[in-house]
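One-letter residues, chain by chain:
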Amino acid sequence: MSLVVSPSMVQRWTRLSRRAAAAVVIVLLGLAVLPGVLGAGAIDRLAALFVYVIMAAMWNALAGYGGLVSVGQQMFFGLGAYFTVRLAETGLDPFVAMGMASLLVAVVSYPLSLVMLRLKGGEFAIGMWVVSALTHLMVNLDGLIQGETGRSLISLNAYAPGARRDIIYWLALVAMTGLLGGLFALLRNRTGASIQAIRDNEEAAGSLGIDVTRTKRLIFVLAAFGIGVAGALWLASATTFQPKTYFSVQWTAYMIFMVLVGGIGRFEGAILGAVIFFLIETWFGALGVWYLIGLGVVALLFSLFMPLGLWGAIETRFGVSLMPVGYRLEIPPQSRKD
Amino acid sequence: MTMAIEKLTVRHGLLEAVRGLTLSVAKGETLALVGANGAGKTTLLRTLAGAHPAHGGSIVINGEDVTRLPAHQRVRRGIALVPEGRKMFASMTVAENLKLGAMAGRKGEWSIDRVVDIFPNLRKRLDHKTGHLSGGEQQATAIGRALMSNPEILLLDEVSLGLSPLIVDRVYASLDGLMKSGTTIILVEQDLARAMGVADRVICMLEGRAVLEGYAKDLTRDQVTEAYFGLHRTKAGRVPA
Amino acid sequence: MTNQIVQGILLGGYYALIACGLSFMFSVMRIINLAHGSLAVAAAYLIFVLSERAQLPLWACFIVAVAVMAVAGWLIQRLILDRSARGGQLLPILSTFGLSMVIENALFEQFGADTRSLASAIGDLSWDSWELPGGLYVGKLPVLIFVTAVVLLAGLQLMLSYTRIGRAIRATAEDPDTAGLVGIDARRVNAVAAAITLVTVTIAGMFLGMRATFEPYSGAPQLLFAFEASVIGGAGSLWGTLAGGIILGLAQTCGASLHPLGFLIAGHGVFLIILFARLMFPDLASMPARLIRRGAAA
Chain A
1 MSLVVSPSMV QRWTRLSRRA AAAVVIVLLG LAVLPGVLGA GAIDRLAALF VYVIMAAMWN
61 ALAGYGGLVS VGQQMFFGLG AYFTVRLAET GLDPFVAMGM ASLLVAVVSY PLSLVMLRLK
121 GGEFAIGMWV VSALTHLMVN LDGLIQGETG RSLISLNAYA PGARRDIIYW LALVAMTGLL
181 GGLFALLRNR TGASIQAIRD NEEAAGSLGI DVTRTKRLIF VLAAFGIGVA GALWLASATT
241 FQPKTYFSVQ WTAYMIFMVL VGGIGRFEGA ILGAVIFFLI ETWFGALGVW YLIGLGVVAL
301 LFSLFMPLGL WGAIETRFGV SLMPVGYRLE IPPQSRKD
Chain B
1 MTMAIEKLTV RHGLLEAVRG LTLSVAKGET LALVGANGAG KTTLLRTLAG AHPAHGGSIV
61 INGEDVTRLP AHQRVRRGIA LVPEGRKMFA SMTVAENLKL GAMAGRKGEW SIDRVVDIFP
121 NLRKRLDHKT GHLSGGEQQA TAIGRALMSN PEILLLDEVS LGLSPLIVDR VYASLDGLMK
181 SGTTIILVEQ DLARAMGVAD RVICMLEGRA VLEGYAKDLT RDQVTEAYFG LHRTKAGRVP
241 A
Chain C
1 MTNQIVQGIL LGGYYALIAC GLSFMFSVMR IINLAHGSLA VAAAYLIFVL SERAQLPLWA
61 CFIVAVAVMA VAGWLIQRLI LDRSARGGQL LPILSTFGLS MVIENALFEQ FGADTRSLAS
121 AIGDLSWDSW ELPGGLYVGK LPVLIFVTAV VLLAGLQLML SYTRIGRAIR ATAEDPDTAG
181 LVGIDARRVN AVAAAITLVT VTIAGMFLGM RATFEPYSGA PQLLFAFEAS VIGGAGSLWG
241 TLAGGIILGL AQTCGASLHP LGFLIAGHGV FLIILFARLM FPDLASMPAR LIRRGAAA
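Going line by line, the protein sequences match chains A, B and C.
Residues 1 to 338 (the UniProt record's numbering) make up the first sequence, in order.
Residues 1 to 241 (the UniProt record's numbering) make up the second sequence, in order.
Residues 1 to 298 (the UniProt record's numbering) make up the third sequence, in order.
So that you can see chain A by itself, here it is in the shape it has in the complex:
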């Protein structure tokens, strides 16, 4: 049997995805002017949503594209916040400190990737958790933090509360757009093809001459950086850094939930998952522990019965792809031969 595919049948941008791209631009512009329209509470919540989107997208990049399930990503979240506090203590503007802290997280993650990427599957997952626990303890040793006492980002007081809120909102929006855009671009260039090949079949990708380790390292560092950004942003809106809160495995639980529900390995899936998580949190967060039990049950059920998540189900059912990061093969029925 043979399968003939002429080049014209390989498509990336479908008409739907071009429209989606236009819609994305309009939505982003709309979001940018919202602080003039909405109240303080809504702006705070939306900034939180952007942070969730960042975290989901970054965890998805790592697990969905790199095949690396980590239960230790809270380490980068905590470090992003911790470095911000540390740098701001030197007299740096808090927002500049946030940026530099995120870069520092990326720098730290590089040597870590050299060791951790040698671990496979579950060993990588828990190994990251161990490193995260150790990092948490090390931060506790810092005299400035004083164990679990913590430290506030005092220099934020230089900004008026209203202006501070708006800046954080815009920073979160810019960070989200930049990170998603960067990930999108990465997935669409040559590296992207390697990443997808690795996702689909790591061994085969290696035998095709793709440098699997280098590509994974790139994703690892990107994910660390993005989650570091998320931690810094979270600190900016919460103002107080307490190691226990930031280095909590709960953050990774949220990331896993968002990606599993949205659709692992699907670019749109992470965004959808973050929005769903945000809505669930808004509606049911007040239920406390029952809310957490519910998250666990839903995550468990999705992993068992809908491992591709909601977006995966939508994609298989309707063949829709709004963000064309993969290559879509269109096989007309008559070219299938027996």
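Mixed in with the good hints there might be a few duds.
Calculated lysine-lysine pairs in the BS3-like style (CA-CA distance at most 30 Å, straight line) [to be verified]:
id, chain 1, residue 1, chain 2, residue 2
1, B, K124, B, K87
2, B, K99, B, K129
3, B, K180, B, K27
4, B, K129, A, K120
5, B, K217, B, K27
6, B, K87, A, K120
Bear in mind the hints are in silico, worked out from the structure with no lab data behind them.
Since the structure of chain A is already known, use the hints to place chains B and C on it.
Same frame as chain A, now just chains B and C:
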């Protein structure tokens, strides 16, 4: 009749490895499947054993449809496969491998002693890890392991693969008694002459179909060779089953 | 110093207990169960409830808990692991993580944040000790835990080596497809292995409650310790987990004498150093297992 295969279709992804094969195997006969690589012989054996799912058709043994049963339940019903490449449990000893064969719990006459009777060179290897054995010893263990389940139908997939001719002679010599004893055997064998020599009946497969079927004594070497390479889709040798 | 070494070794017995189930399940099913720690804590709560509220004697609590947890293991394998393992290597990590989230928070919902202990159920045993020459005090409970660990590991080893189900478990671990071809029902074998795992988890959970306090979220550190001990010992090797547990226990007790946080830091640190050394020098990977084999042969 022991086994009836009806319009069996098996797929590997998009590829149809076995296409609508119909075949019946009588009790006690030895049937050889021959054909080029990729003709579907190994897939057919694995499907009969339950190691690969059937896509369509049915497999009936002693009146019972086993098409959807998992491999371990087929062993309980008397089908045992000696898989290609022998598939030893390398970290376990010969004796342990043989005992595993008895896990299905079918009553019968096979025991470690009897296996050692037909493969005498295993006797002093019983406590050795199978990972350290020679190819011939591993093959003997694999066959012995299948026999320990007291099978009614024994499926042998390329038992001569990777063994020297001398060892192959010995393996087949050991199987000789078995073939005469009433156990039904379906074997896949690359060596045409050997297949025709040991089998009562020969089936030649090509692209998933049986293109030639007949009693070994009625077929000529040329007929089989032609069918083997698909030169003529001759039905000359076909006899009513 | 001698005192710390003795305490460290005895503590290693507890880690071997909690690690052997994790290691066992990994070697049979290639699954690292992220709910392992939470399950141990759940077992501790179960014994606590039976003992405090139902006022059963401890041995009865233990037997009931073992039975309940074994059934739970069977069900977890049938309903969760079996299904998610078919979806590839990554899914079991996610589903067992979801399971641990459910267990932890359900325990919190039921029992609140209070720390609990089984110490009252064992009376004097929780603080009794023997005096050794040289002014060394050795707690009876740590010794009991260590002895239990050795007996349990030996029992598991004998079961794997000499019983029918043991052979079936080893065969399934090595090659589940071929196991099916020789008549082994791999699903059933895995379910039995999961039930056995949870029996070990129950024993570990009981000792956790006896030697220390626990709360609903104590599972995470238990999982990390179990993981560290089993990796240090060489994943999949039963006696290796004892060596790994002892190394971890020694590091922690020595660390604790240097700094209040030293207990945890030294434990994690030793784990990472050994992991790193092993990645750099792959020959070291099989060291503990090899040493033990040599020791056993001599």
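Item to check | Contradicted hints - numbers only | outcome: none
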